[in-house]
Structure formats: C-alpha cells, structure tokens
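Given only the sequences and the hints, what does the whole structure look like? Please build it.
For reference, the chains in residue letters:
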Amino acid sequence: MTARTGIGGVHERLLRIHLHDGSSERWDEPVPPEHYRDVIGGIGLASLLLLQICPPGADPLGPENPLIFATSPFAGTGITTASKIAVAARSPQTGMIGDSLSSSYLALALKRTGHDAIAITGQADHWSVMVVDDGAIHLRPAAALLGLSPGETANRLRAELGAAFRVAAIGPAGEQGVRYAAIANDGRLAGRTGGGAMMGAKRLKAIAVRGSALPAAADPRAVAALARDLAARSLGPATAKYREIGTVANVSFFNRMGLLPTQNFQGGQFDGAESISGETLRLEHYTGKHACAACTVGCEHHYRTTDGGVETSARMEYETLFALGSLCGVSDPNVVLRASALCDDLGMDAISAGGSVAWAMECRERGVDLGVADEEVPRWGDGAALLRMLRQIGAREGLGDLLADGARAAAARVGQGSDAWAMHVKGLELPGYDPRKLPTLALGLAVAARGACHNRSSAYEVDLSDQLDADADARARATAAAAAEDQAALLDSLTLCKFLRHALGDVHEESAALHRAVTGLLTTADDLHAAGARINAVKKAFNLAQGWTRALDTLPPRVLQPDSDGAHIDPVWLNRQIDAYYHVRGWDQEGRPADLEVRKR
Amino acid sequence: MAQHPQQSIATASPHPPLQLTVELFGVPRLLAGSRVIAATGANLAGLAADLVRRAPSLAGRVLDAESGWPLDGYSFVVDEQFTRDRALPLQAGTTVILVASAAGG
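Quick mapping for you: the protein sequence lines, in order, are chains F and L. Letter by letter, the first sequence follows residues 1 to 601 in this note's numbering. Letter by letter, the second sequence follows residues 1 to 105 in this note's numbering.
Keep in mind that the hints were calculated from the coordinates and are not lab data. A couple of the hints might just be wrong.
Example chain F residues on the side facing chain L (calculated, C-beta under 10 angstroms, incomplete) [as the list claims (entries may be wrong)]: (1) A232; (2) G236; (3) T239; (4) A240; (5) Y242; (6) F253; (7) M257; (8) S275; (9) E279; (10) Y433; (11) S458; (12) E461; (13) Q467; (14) A503.
With the C-beta cut set under 10 angstroms, the calculated list includes, among others, these residues of chain L facing chain F [to be verified]: (15) L18; (16) P70; (17) L71; (18) G73; (19) S75; (20) F82; (21) T83; (22) A102; (23) G104.
The beta carbon of each residue, even a glycine, is placed where N, CA and C say it ideally should be.
Rendered as structure tokens:
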C-alpha cells in the first residue's frame, strides 16, 4: 500500500500510451478528482475518458479510437467481488459505445501500476505484446503467439515474464477482426461489443501487466469492517443461486415461463430445454466451481462433456447456454459445452456468435441465398454444423466471414428481407430474455446505449418481480427502467458484482458507506443515484457524438409483430414508453440530454 | 409479470385448504430431489407451511424452517406472477412455482 495523499483508493492517474512505428510513447495525465465523485470509476470512468479522448466519427478499427481499461476505487480493497476491470472503446460492432466488464486478477495488477486507467491509441506496425511493468512500458513481438487462444497466450507470457504478470489477450477471433471478438483475462471475458476486434486492430495480441503499488483507503479499518460484513452476507440465501448452480438455472424456469428464446426468437419454449437445463448440467456434467479474485460468491461453474469424444471442460453461463443451445435449436448438452469452450478459445462473445448463427439458420429455413452451397448453411439443431460455423467465424472463412460482422451487418449484405429476423438493437444481438413478455426489459433494451444488453439495462428484474403492475402507466415503467439502468451503471462503476445486489439491504446506502470509507469523500446515497444517471448520460453523449438518432432506440421487427400466440411489443406502445423514458431522464423528445457539460471537464 | 393486489397478511382464510402441485426450479429442485411437490393450503402462507413439512430439505436453505415462507433470495410465482402476498388465496388450477427471486442473470 502507498500512502494516501488525495482521494482514498485511487491514484488519480491515467496512463496514456500511443502506439506507432513498432514502439510506444507514454505519458501520465492526472484524473480530475471530481471524476471519482461524478462517475465513480470502472465503467463510468472508462466511458467518460472515452467521451473525452475519442474523436467524433473515429473509425472503430482505426488508430484514433482509444482502447481504455479502468479500475475502480473498490478494486484491491478486499471488498468482495470488486476486482473488476472496465473496457471501453467505440464499438466496431455497433458504432456506438462499446463498454464491457471483466473480473479477477488483471484489475488488481493494473491498479498496482500506479494508475486507475490506461488509454491506448495508435496502432503498432506489427503484432505485439504490450508489457506494463509498474510504470514502465515496452512492446515485444507477438508473432509466435498468433493463433493461440487467450488462455494459451496468457500461460506462455506468464511462464516467460513471471507469474506476477496478469494478461489480457485476444484469441484468433480478435486477430481476424471478428466484430464481436472479446478480450479475455484470468479465464474471464470482456465479452460484448467487440473490444477484442479493437485490440486486434491495434495489433496487440496481449497486454501483460504487473504492479506493486495499491493506493491506501481513506479509512482502512472501516473498509475492513464493512467488507467483512458484506462478505458474510454474500454467503447467504440471496446469492445461493449463483453459488450453488449459477445462472444456468435460468434455462428451465425461463422455459416454463415462455421466456427462453428459441430458434432465433421464433418462440419462448424449447422442446430440448430439459436436457440443457442447469439442473441437468449440475447432476450429469458438473466438475466444480471457481471464484474470481477477491470474490466470496464463486459463481463460475464448470462442466465436462460425457459423450465419449475428447473430453472438454467449459465454464457455462445462462447467456452462453441459451445462445448456443435453444437459440440455435441445439439440445445436446455436450455440443453446447464444446461450443462454449470454442467461443472462449477463439475469444469471442457467445451471445453474438450464437445470434449470428441463429440468423443464418433461419435464412436456411426460409430459403434465403447466403452465397454458399445450401449444405454449408447450418440447420436448426445441427450441433456439428454449429461447431463448424463457430470455427469458420473465428477464422473468417466461408460463411463465417459474413457472420463475423454480426447479424445486422450480415442481413444488410444479404438483403432478401433477412433483416426481419436479425435480432439485434443497435447492432448488438439480443440476450436470453424474450422481450415480448417482459415489457420493462423491452423498453430497457430499446434505449440502452450499448444496444441489446441485459447487463446494462437490468430491467428484466422489474418484470421478474412484483415491483410493477402489468398495466402500469408509461411514466411508472419508464421510471423503473431508468432506475434499473442507473443502478446497473453504478454497480459497474463501483465494480461491485450485480450478483451481490440481493445481499445488499439498500444498494445505494450501503455503497455510499463503502465509498466514504474507501475514498474519504462525503458520499451519500443521493450522490450515487445521481452518479448512476450521470454515467448513462455520459454514454448517451458519446453516442450522440457518434451519430446516434432516436431511430436507433427501437426493437427488432420480430418483437414488434405478433407471434403465433399474439405476443408482441406494440410499436405505438413502445414509442410512448420511450417518450416517457426520455422525459424521466430530462432529455428532449429526440432523446438528447439538455446538459452535456460533462464532456468539457 | 404483474403484481397481485396487496392484501393484509392473514393467518386464517375463509377458503378451504386444497392440494396443489408446487413446481421447483434451480436450487430448490436440487435440494428436494424432485421437480414437483404436492402441498396443501388455503392461501400462500398455508401452502408454504405445508411445503416445508413435506420437503424438510428446503428448511433453512430455501424456506424458513418455522413458517415455510421463502427466505430472502427465493420467491413464489403464482399463476406466472411473482408475489410476496402471504394471504393470497389459492384456487383449483392455480399454478405455484418456487424459484430464486434473482430470476435473471
């Protein structure tokens, strides 16, 4: 620990790195103290730095687009689940804000370098590994690492550089510019919006980080006491689902409720749901669980194949399970496990990969010409074809080259009406919740700055609870959707895991107490409510600078038209909800925040 | 999922008890070793009390050992609506689910 001089828990320093001509230029910049009050850290800090550094209209795969990593005041304090790192850039998948969150040791290593964030601009002239060793930076050749998975890359680098280094790496998908390529570290992924493609465009195969200087908290004793109390509660029934079975538990329940996206959102119930359910995986495929650094919950559950082929072990989350399972009509759990492991090894977001393959499967069902032989286009439920398609996407070969740009871009190229079943918002494929039966989430997905994302909206929780009546008026629903979005932004910026939310009595009150103890600032719950809203305004401001218009705040055509049971989101109803949401936010009818002063800071 | 109208907690119900099948998902299913459990009650509180008697493996981990009411982190879903209304009357054909209240990711 280093002595505290200003705000506790942070260094108030940004490390800027510019890549060019096989070398790098580095300089430090102070982070204004008000940033830690206004946008906290994590996703909030990364989003604000992105807004300030990225020029409007910057090519998402060009040198001007900054790749930003940011930690938070809580990381490294011992507060459970807080070892997270935010990644932000202009998304090569959506053209809007691309922000992702990953967990574990990388966040601690970065924070020990004496900086709260790193912003990388420019482009190396050959494939490189960036080594950040405390404050010293150098590039080393990465040619020997090309083609390796993120995990293999990290293992090799740590063997060569030392185990104290933590590594963020891309896989073959990032090297090939798959627009939903991920950045992986410590077995975790900053998965959505294509940060891996951005890193690949900078010709960075990996970033290896080691540091030695954690900043001191303002009141270490208070932090320790609060952290102990929270850790104890994190082991109670409020997190039992995550500890004992994980998010895969959603499959069977969502299927029962008609919410499990099936065959590219053609339905909400899957005949094969039981075989890929969390309960079945737990009983027949389970190998054990892991926890991220400084996490008492341990939600990461691993499973193995049992089909007699080469045994594969994979971590599995609900989103991976739905996207590579029911969404593609695949009911063989061994196939889904192999597909999940493949996405991790290739380094790409399983939701967008599954969503893109499901779009192609529906093209085949409808006889749409994809420019390849029919037998090369996967059919619903064809596990071997799913695995082949994922490999082709990772290599940008054959049909995989089309699908590597995501469903929106693929539909735009193919035409033939196929945009009608491209299931995305702002170019980001939908997560595993059927919005036709979750009206608050439907609104949340439509307006979310990074596109269709359950993690940024979190409004499904309003629908899957008794918070709001089904016939609630537009203002009540908009208020609930905005509150859910603001809370998500706050947690992503404190870098507290959302899986803790039910273990917290009052998220804002308890977070404020922690924030006071860590930073020494006189933070109140009201301050954190305001910070959550401000962080979402920052994201909106970034999108506005990149050409966002209200027309992008919508849902896929399929969701807006009645399905076979008549379920849908009425477009007129949705527009009314969006009007109300803008009003609740204090934005004008075109969705523009009145006050964009935050950009000038 | 809409909210049931809030009612005062009732310890007694004018409705006669009836037997319903409670569907279990996730941790409750794994602990009970069963997908469904039959239980009897006139209202949701009564059903919960009978449920914990019939499925003692849920006591203290999912349901309160005394009252049978779901602990923080678990919820009943009645006719596809999440509810915490202990006095909710039950009728023939009512569907009851026991699941983690953190129903999403």
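**Prompt:** Where does the structure disagree with the numbered hints, that is, which hint numbers, in rising order?
**Reply:** When the structure is compared with the hints, numbers 1, 8 and 15 turn out to be violated.
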